[in-house]
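Peer 1: Fit chain to chain and form the complex, with the hints in mind.
So the chains spell out like this:
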Amino acid sequence: MIELVVIGTSAFLLFVITLWKRRSPANLREIPALTFLYRTLGLSMEDGTRLHISLGHGGLLNARGGSALAGLALLRHIAERTSVSDKPSVASSGDSTLGLLTQDTLQAGYQAAGVEELYVPTTGRVAGLSPFSYAAGAMYISQNEDVSANIMIGYFGSEAALLAEASDRENITVIGASDDLTGQAILFASTQDALIGEELFATGAYLGAGASHLASLTVQDILRWLVIVAILGGVAVKFLTFFGIV
Amino acid sequence: MRVVTAVIAIAAGVLVLAGYFLQGIFPALASVQALLLNWAILLTGMAALAGIFNLIFVHTDKIRLREKGSIYSAVLVIGLVSTLLFGMILGTENEAMKIVLNGVIVPAEASLLGILTISLLYAAIRLLRRRTDATSILFLLTAAFLILGSATLPFGNIPILGTVARWVSQVWALGGARGILIGVALGTLTTGLRVLFGADRPYGGN
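Which chain is which? The protein sequence lines are P and L, in order. Position 128 (the first sequence) corresponds to 128 in the working numbering; numbering is contiguous. Numbers given in the working numbering equal positions in the second sequence, counted from 1, plus 246.
Keep in mind the hints are simulated off the structure, nothing from the lab. As the structure is a computational prediction, the values presented were derived from the model and not from experiment. Virtual Cβ for every residue (Gly too), placed ideally from N, Cα, C. There's no promise every hint is true.
Which bits of chain P does chain L cover? Going by a derived footprint, with three or more residues having C-beta under 8 angstroms, they are [what the hints assert, rightly or not]: (1) 33-41; (2) 56-68; (3) 218-232.
Only part of the chain P face toward chain L is listed, based on derived beta-carbon distances under 7 angstroms [claimed, not checked]: (4) A11; (5) A73; (6) Y119; (7) T122; (8) F132; (9) E165; (10) L181; (11) A189; (12) E198.
Simulated DEER-style distance windows between Cβ atoms [unchecked claim]: (13) P:G8 <-> L:L407: 48 to 54 angstroms; (14) P:V246 <-> L:Q269: 36 to 42 angstroms; (15) L:L367 <-> P:A26: 38 to 44 angstroms; (16) P:I231 <-> L:F267: 21 to 27 angstroms; (17) L:A390 <-> P:I231: 38 to 44 angstroms; (18) P:V246 <-> L:D379: 43 to 49 angstroms; (19) L:A280 <-> P:A26: 37 to 43 angstroms; (20) L:V250 <-> P:L240: 55 to 61 angstroms; (21) P:A26 <-> L:R248: 22 to 28 angstroms.
The shape of chain L in the complex, shown without the other chains (with noise of 0.2 angstroms):
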């Protein structure tokens, strides 16, 4: 069954990559690609149905078991199901269910990207309580000066900082930032090729 089903996502991976390159050559494997990506489209929805029953089945077991934090899990549970059924019954355009994305959902995230800004500066105060080390200390300088060089000052701007931290910006953090998505990348190709090997196989077997 494992060399089945490596060699079916095998074929399927070489076949929508083929599909990219040699479409011009073989007319016949952009159809094929096509499909291949739709069924994969289909997939996905049906896996987000099977993520939302792994959602309720880890909590419905959690308020089974009266684990810790189990009252939240009964929330979320409540909360799905009722959102799901009621959903289906009136459909996502009706006004109620509008309501429940935009007074609940919507605030809800909100409020945690305004946690989040908390959470940065309390990370970049503890940074060096973490880690002492000249990075570390060179992390915050540029942190701070680019905050200086960039934000509005109640007495005017910094003359000379404006500038120098938009070099920096620009230059020094650009051209780093591009050397790391260049690495990424290539990582990513050789992740890639691994799997369309078979030598990972994430989808059943060792």
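Pulled out of the complex, with its shape left as it was, chain P reads as follows (with noise of 0.2 angstroms):
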């Protein structure tokens, strides 16, 4: 039950919050990787170059359909804002499911964009179905089509590190994030900027998706505390019945 409260609170507040969110202007603390993000969509648009968008080998019918989702949402305004480029973005993923949504979040984009005739469906693409084939697969996008920044958003593992390092040596650009922990460490030590933690759920607010992503980093805050006083409430339960004092 206790599960049930806190996604009906949490869904009241993302309503309310986002209707207020319309109305009120968005004060966000600065996080350099999603500055550099926002700063490498406009080189890469000037120089004709081309984006490669990694999101992982997370799937949709498992836990870790959260970072894939993320990763769609930022999907969609990348396409929407790169679509008249000379080359335009290609996206990379590691499951099925997730490839036939990057295809349709593609298009969506160019239709936002109001030139969905440009759109090409091999731009989306499922480059393998294993963590280590995806790796491969997207290493290979990165080193052969002209590609001036990798951005990995979703669940990578260990492999992240390969497809970081051959980015690396081919002077691409790398962003990364990732929910696994793992896969968050490796590319904390092999990007340039790497998102930490929910720092990665807020892409979408950080590049202007809209009221109702801002509204998701408030109702973030809010639980937070929310989780960081029920965790010092149960250590002080804890303190003053170890010395008897209830």
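Peer 2: Here you go:
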């Protein structure tokens, strides 16, 4: 029942705050990796190079679906912005269901930009269906398709190092985020800028994807404070019980 | 059409979610949830097939246009089609198919895992060149300290180091990891809710 209360409260907060955020301007702290990502988008458009968005191999039918959906939200925004570029962005995924949604999201981005006729279905790809085959397929894209930046956002494990290192060898800018702890540690060590923890879910809000993304950040902050209060409360109760005060 | 897809997706999401929490009150929700999840599993199978065809189209295009590295595309397409055909004719339990799996796929992935060790070492060495700040220095020092504390050294273990390393990994690192995981869980929750509300629609439409 607690889960239902948490989900219900979050849904209510998200709804109310989304309405509120439509009227009030956003005030976000600076995240260097996302500032860099914003700049990279503009640069790739100007110098006519391609962006490679690697969405990882998180499936939509398991607990990794959250990071995959966050990656798709970012892809939708990037597709819209880079659709008229000389070299349109390429997106790769390591899961079949995610692959289908990748193509659909890219097409939606082109539609939103009013250039659906420019959409090429093969810009959304399934690069491989196991972690290492995905890494091998995605490395191939980075090395052979005139890519200037590799944005890795989704579920990556240790294979992220191969992809980051291959990009590094080609002097490709790498921005990385994973919801896996191993993947995060590896991306922190092997990329110029890495997003840590829940920063992965903030990309949409920072790139101006809409009021619901901004509201998500506020809801996360509220829930985080509730978790902190619950943890500290639990510690206090245990402490008081240990010394026989209560 | 976009409204219809959104209504179907939101309804399916709400029914599956309700099935987890309210099947005690509404038993019918359990069977609806099972039905929807079975459909999802079937669609995943079809999606795998679509993914394979996507891979074939991408690489045959590269071969046709004689793009850079198209030789690898040719190897991939030949390997994929022949494995698919032989797999369908002989079955996955056939000895020849097992040889292909154990003699090609498994060693290839194992060798990538081997390369990974070097890649990680290289990344750690290059970290300070890429980003010289307090966090990077702390990251490398902690990694080196934990390796020294947990590795078997030729001259025997350094006193206290093992205990301190365990304390660092089981208290500090574990605490930090749990903090990150709580943040990821909250992010996943709000992302899921956005999709459930139809604010984000990764299924066709703006």
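Peer 1: Which numbered hints are broken by the structure, listed smallest first?
Peer 2: 1, 6, 17
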